[in-house]
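Sequences and hints are given; from them, build the entire structure.
With positions in the sequence shown counted from 1, the corresponding number in the working numbering is that position plus 8.
Calculated from the structure, these hints are not laboratory results. A virtual CB, placed ideally from N, CA and C, is assigned to each residue, including glycine. Keep in mind that a hint or two might mislead.
Here are the simulated lysine-lysine pairs, DSSO-like style, with alpha carbons at most 30 Å apart [claimed, not checked]: (1) LYS158 to LYS47; (2) LYS158 to LYS182; (3) LYS153 to LYS139; (4) LYS47 to LYS201; (5) LYS201 to LYS139; (6) LYS158 to LYS139; (7) LYS47 to LYS77; (8) LYS105 to LYS77; (9) LYS201 to LYS53; (10) LYS18 to LYS47; (11) LYS53 to LYS18; (12) LYS182 to LYS77; (13) LYS182 to LYS53; (14) LYS53 to LYS105; (15) LYS153 to LYS182.
Pairwise CB distance ranges, derived in the manner of DEER restraints [what the hints assert, rightly or not]: (16) LEU72 to GLY166: 38 to 46 Å; (17) LYS153 to SER221: 25 to 33 Å; (18) GLU150 to LYS18: 32 to 40 Å.
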Amino acid sequence: MMSTDLNYLKEPELENPIAIAGLPGIALIGKMSVEYLIKELEAEKFAEMTSDQFPGWVIRENGLVRDLKVYFYEATSDSLDRDIIIVTSDAQASSPKGQYRMSESIAEVLSDHNTDTFLTMAAYLDSENEKSETVGAATNEELAKRIEEKEVELLEGGRIVGMNGLMVSLGAEKDIDGFCLLGTTEGKDNDPKSAKNVVNKFSEIFDIELDISEFEEELPELPRFKPPKIKNPSVSDGKKDLSYIR
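Following this line, the structure appears as structure tokens:
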């Protein structure tokens, strides 16, 4: 049985919140996006989650070590009449089962705080440069239409690999409408330009005023962890399918 512990650092004051998540993955796009929002919106951490489904390593900081965690922040914006929950972590779970279970635990926290809209930020690997700068997929047609109207190219096929996709799907089972907002990338160690595109599109969708003119300069230094290798499911018709999100 999975062991997950949620520790509240403070009682959040949340009114009709939306949730945004970005975890470490390809090119660190999701992680960079939410770390920028945490700083720009002056978000305050209100909870931390630990789990035995994380990879088997710890974080080194100033001569000390600590375990891996999921972090929950609360934030507000003067241009949005709703509060915001921001979710990030030190890593994704190291196995498919762990990713499923941890994603479900995160969705439960959001449901407990009456979240009804959930956005994850991540990467879309596009080595052939065939897609738009920002692509996406949603859990219902209304949301899909909403992001398409903001010139987010909707993904027609392929598969979503990792927690940035699972969290949205499992959130939908708890009546949280969700979508993935993805920056196309060739798969570098990090891709701040693509992360900037994702944050800019997020601000357009929710009509939030953000100054991203110095996006790269404002980003904190992030560890360059490679996501764990997880075997992709085979394609039933035998065709090769390399399109995926993480």
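Between LEU72 and GLY166, does the beta-carbon spacing fit 38 to 46 Å?
holds, 41 Å
Given pair status - LYS53, LYS182, alpha carbons within 30 Å:
Holds - the C-alpha atoms of LYS53 and LYS182 are around 24 Å apart, at most 30 Å.
Regarding the pair LYS158 and LYS139, is the alpha-carbon distance no greater than 30 Å?
Between LYS158 and LYS139 the Cα gap is close to 15 Å, so the pair holds against 30 Å.
Under the criterion that the straight-line Cα-Cα distance not exceed 30 Å, is the pair LYS158, LYS47 satisfied?
holds, 25 Å
Given hint LYS105 paired with LYS53 - CA-CA distance at most 30 Å:
Since the Cα atoms of LYS53 and LYS105 sit roughly 27 Å apart, the hinted pair holds (cutoff 30 Å).
Given the hint that LYS158 pairs with LYS182, does the C-alpha gap stay at or below 30 Å?
Judged against 30 Å, a Cα distance of about 26 Å means the pair holds.
When you check the alpha-carbon spacing of LYS153 and LYS182, does it fall within 30 Å?
holds, 21 Å
Status of the given 25 to 33 Å range, CB of SER221 versus CB of LYS153
Cβ of LYS153 to Cβ of SER221: about 30 Å, so the range 25 to 33 Å holds.
Is the straight-line distance between the alpha-carbon of LYS182 and that of LYS77 30 Å or less?
Holds, because 23 Å separates the two Cα atoms, which is no more than 30 Å.
CA of LYS201 to CA of LYS139, is that 30 Å or under?
Within the cut-off at roughly 15 Å; holds.
Range hint compliance [Cβ, GLU150 to LYS18, 32 to 40 Å]
Holds: the Cβ-Cβ distance is about 34 Å, inside 32 to 40 Å.
CA of LYS153 to CA of LYS139, is that 30 Å or under?
It holds: about 18 Å lies between the C-alpha atoms, which stays within 30 Å.
The structure is consistent with each of the numbered hints, conforming to all of them.
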